[in-house]
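Visitor: Listed below, chain by chain, are the residues.
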Amino acid sequence: MNHSAPQFFKRGPTLHTRFVFFCLASLILIIADGRFHYLEVMRKSVSVALYPLQRLTDIPGWAMQRALGFFVTQAQLRHENEFLRQQNLANSASLQTMGALEGENKHLRALLTLREKLTRKTIPAEIQRLYPDPFTRRAAIDRGLQDGLRPGLAVVDAIGLIGQITRVYPWQSEVTLITDKDQAIPIQVQRSALRGVLFGIGDDGAVELRYMPVSADVQNGDVLVTSGIDGTYPSGLPVAKVTNVERNAAYAFARISCVPLTGVLGAIQVMVVDTDEKPRVNTSSGQSQSAEDSKSLQTPR
Amino acid sequence: MRFPTRFGVALTPSASPPPELLRPARASYIALTVLLAAILNLLALPELITRVKPDFIALILIYWTIFHPDRVSFTIVWTLGLLMDVASGSLFGQHALAYTLMLYLAALFHRRIIMFPMPYQVFHVGTILLLAQLVTLALRSVAGSDFPGPTYFLPSLLGAALWPLVTALLRAPLRQSPEQDAT
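Residue numbers (our numbering), protein chains in the order written: chain A, 1220 to 1520; chain B, 3 to 185.
Calculated directly from the structure, the hints in this document are not laboratory data. Just to be clear, a hint being listed does not mean it is correct.
Going by beta-carbon spacing under 10 Å, a handful of chain B positions derived as facing chain A [stated by the list, open to error]:
id: 1; residue: 87
id: 2; residue: 91
id: 3; residue: 100
id: 4; residue: 154
id: 5; residue: 172
id: 6; residue: 175
These numbers were taken from a predicted model, which means no experiment stands behind them. Even for Gly, the Cβ is constructed at its ideal location relative to N, Cα and C.
One chain only, chain A, in its complex shape (with noise of 0.2 Å):
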């Protein structure tokens, strides 16, 4: 089809050497993104040439959804208006109950002089696609620079905790999801106020809590919220429940598994929440805290 006869006069490099130069400018690139995380400026222009695009293959699944929607029937919105009556109602009188709470807390904080709780700021969002690198669990959410997000805040659905900003580009972030490998998280059992720190270890609907003494105090069907004291989540989220507890005199660590509470991937609508934090080094107090807290994490009790 193609058999051009061979060239008298050879222009520019053979293909052996055009192939090595740009294995190298590739291995060049990797290496300086995966180590020293040089080329964020880059990666971030290229998202943006890439954007319409992007939005452009966003509007089949769209429309898909559209579609469906619009094919739901009447039974099914009366069962799911009937569950969000029931909802709003357990909600709101639990609403009624806190807003008193809020009040006695904020006085006896006071009384014995305790820094105030932060106050949160929540932006919604919205999953628009999975990144599909099979070696790491991430999504794509609408939200960017423009609506303020900034890497390291934390990203709730309606039941917890799914994951943390890792990358903020103009108008849309990524957020690695708590079931990606070895992404860490503060957490603290519910039930017996032991903290530790979970992992996520790369699969859908498992992560681990790592680094806990075969006597730690952990059951199955423990709830673990985060505690909040590395300053990047809010304290309180509930993020994942105890599904079975290993413990084995022979190692050090009991084996801990645990699944998510959210549907990870499942999850369309989501929150981000900004705490309005400031990093907590600079007072002494705040210092002396921290250091007791990585303690404890150390040596639970």
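Dock chain B against the given chain A, drawing on the hints supplied.
Guide: Frame of chain A; chain B shown alone:
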């Protein structure tokens, strides 16, 4: 070039159907197919499909490299790789390296692959796709990621299985219509 005889089948050029006469592909047509492949790659799909669907840009690039090696350059392929890196949230340069490797292998063997009948073409394309995935896997292992399980290789196998369809689709607009022959 003793490779074809190893299969025990006469794989001389006469074994394959005589190549059709196709109109030469214009640069704009090639660009359009690449754009369509990019859209297919970026489509927001459910999680399960996203993890197993083949890399359409890779397939298209291999096709153009084999059948129009003069129309594909390392620079274009490498840039497309960088775009895919950002879109898929992988290491910057990972897809660029994989596409560079595919282009190199396809360009190295394009004269041989053209001659083969479809089943052997599928085998060759599958091998090229798998090799690129293996290199990516090795890179990510060095960077500290775990092996994501055997389904990791499904995109390559599916891509190879789609090869006959891809070639048929890409050739369809280039067929010469009889009326044009008459002129």
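Visitor: Have a go at the residue 172 of chain B hint: is there a Cβ in chain A nearer than 10 Å to its own Cβ?
Guide: Hint on residue 172 of chain B: violated, closest Cβ of chain A at ~13 Å, above 10 Å.
Visitor: Next item in the hint list is residue 100 of chain B. Is there a CB on chain A closer than 10 Å to its CB?
Guide: It holds, given that the least Cβ distance between residue 100 of chain B and chain A is near 9 Å, below 10 Å.
Visitor: Close enough to count: is the Cβ of residue 91 of chain B nearer than 10 Å to one in chain A?
Guide: With a minimum Cβ separation of about 3 Å from chain A (threshold 10 Å), the hint on residue 91 of chain B holds.
Visitor: Against chain A, with CB atoms and a cut of 10 Å, does the hint on residue 87 of chain B hold up?
Guide: holds (8 Å)
Visitor: Hint residue 154 of chain B vs chain A: min CB-CB distance below 10 Å?
Guide: holds (6 Å)
Visitor: Double-check residue 175 of chain B for me: the hint is only fine if its C-beta lies closer than 10 Å to a C-beta in chain A.
Guide: violated (16 Å)
Checked against the numbered hints above, the structure breaks hints 5, 6 and satisfies the rest.
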